[in-house]
Amino acid sequence: DTEVTQTPKHLVMGMTNKKSLKCEQHMGHRAMYWYKQKAKKPPELMFVYSYEKLSINESVPSRFSPECPNSSLLNLHLHALQPEDSALYLCASSHQLAGGSSYNEQFFGPGTRLTVL
Amino acid sequence: EDQVTQSPEALRLQEGESSSLNCSYTVSGLRGLFWYRQDPGKGPEFLFTLYSAGEEKEKERLKATLTKKESFLHITAPKPEDSATYLCAVQARSSASKIIFGSGTRLSIRP
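Protein sequences, first through last, are from chains A and B.
Going by my numbering, the first sequence opens with residue 133, and the numbers climb by one from there.
Going by my numbering, the second sequence opens with residue 43, and the numbers climb by one from there.
Just chain B, same shape as in the assembly:
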């Protein structure tokens, strides 16, 4: 069964303290892995798509990486405005439409 597990469930950092969020997945052939950011009461905001192991993508203070079993979202020198829930999702080759979400990591950055 296709599955996505994110850790930690919650993470509190001091402003400027870099860290990484983990997304472990088991899927019968990966079509794509997606990272989203979600603020409370709002819809998920698309961040990155990763398609193959070894791929990396960057956007401002965020960098996403992918291996055959997991993805990391690295946050460098975070600011309070980076506080949000970060969702990881995968799409299997066998699925034309469905993406499977992890339960998310709630990130809080203290000034």
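Pulled out of the complex, with its shape left as it was, chain A reads as follows:
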């Protein structure tokens, strides 16, 4: 299984709502990532988890809260978002963080299209 799955595919929420994005992989990968992608722009890194611990937070606003319940699951909790947070949110995974390993490729899920009204 070489697939990263994400749910939901689409999400519309108001600025006062609380919602969560979910990501799952069964490739035995130990590093997982959240990216944000705006139209016609490359993905921007938000968070990195390594062995279920937060490794990198790219100065993301606290209205985005990541969670890694186990090695296969990654969540992104959303609260009090702004319209400018509307974007495609991508989850990715890799074997591990690069530390001499050649297994650096990140595999991406299909994304969640988020619209904040």
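Treat each hint with caution, since some may be false.
What the hints assert, rightly or not - Negatives, chain B to chain A, calculated, CB over 12 Å:
#1 Val46
#2 Gln48
#3 Ser49
#4 Glu51
#5 Asp81
#6 Tyr93
#7 Lys110
#8 Glu112
#9 Thr118
#10 Lys121
#11 Glu123
#12 Ala131
#13 Ile142
#14 Arg152
Stated by the list, open to error - Here chain A is said to cover these stretches of chain B; the calculated rule only asks that three of the stretch's residues, wherever they fall, bring their Cβ under 8 Å from a Cβ of chain A:
#15 82-92
#16 95-103
#17 135-141
No lab work stands behind these hints: they were computed from the structure.
Please read these numbers as outputs of a predicted model, since none were measured by experiment.
For every residue, glycine included, the Cβ atom is placed at its ideal position computed from N, Cα and C.
Got chain A; can you put chain B on it based on the hints?
Same frame as chain A, now just chain B:
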């Protein structure tokens, strides 16, 4: 500062017309260079990893090459289904996790 620049920004080809996409990079020690394909509204699809200058990889009509300063994605006799945005990304030896993306090349193949 580590940087990735892709050119051209957009490319329109006739079906069967071969061409190349360019990815120029400056990085303090290259750990790996990655090519991805992305269809509109979908996640990037992994294509290739290149680790050292002189390395080449092929997949169907695509061939990726690497020098010390740039990578090329050669597309031979493309078909309309090859239309997509192609993203190049690099990982520096100093980074255990972060990959830096270029802005991509939007490729359109006309039948």
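Hints, verified against the model:
1. Val46: 9 Å, violated
2. Gln48: 9 Å, violated
3. Ser49: Correct as stated: the minimum Cβ-Cβ distance to chain A is 14 Å, above 12 Å.
4. Glu51: 10 Å, violated
5. Asp81: 10 Å, violated
6. Tyr93: Its Cβ does come within 12 Å of chain A, the nearest being 7 Å, so this is violated.
7. Lys110: 19 Å, holds
8. Glu112: Holds, since 17 Å exceeds 12 Å.
9. Thr118: Correct as stated: the minimum Cβ-Cβ distance to chain A is 23 Å, above 12 Å.
10. Lys121: 23 Å, holds
11. Glu123: 18 Å, holds
12. Ala131: 8 Å, violated
13. Ile142: 9 Å, violated
14. Arg152: Consistent with the label, B:Arg152 stays out of reach of chain A, its closest Cβ about 20 Å off (over 12 Å).
15. 82-92: holds (count 7)
16. 95-103: The restraint on the region 95-103 of chain B is violated, since only 0 of its residues have a Cβ under 8 Å from chain A and three are required.
17. 135-141: holds (count 5)
Hint compliance for this structure: hints 1, 2, 4, 5, 6, 12, 13 and 16 are not met, and every other hint is.
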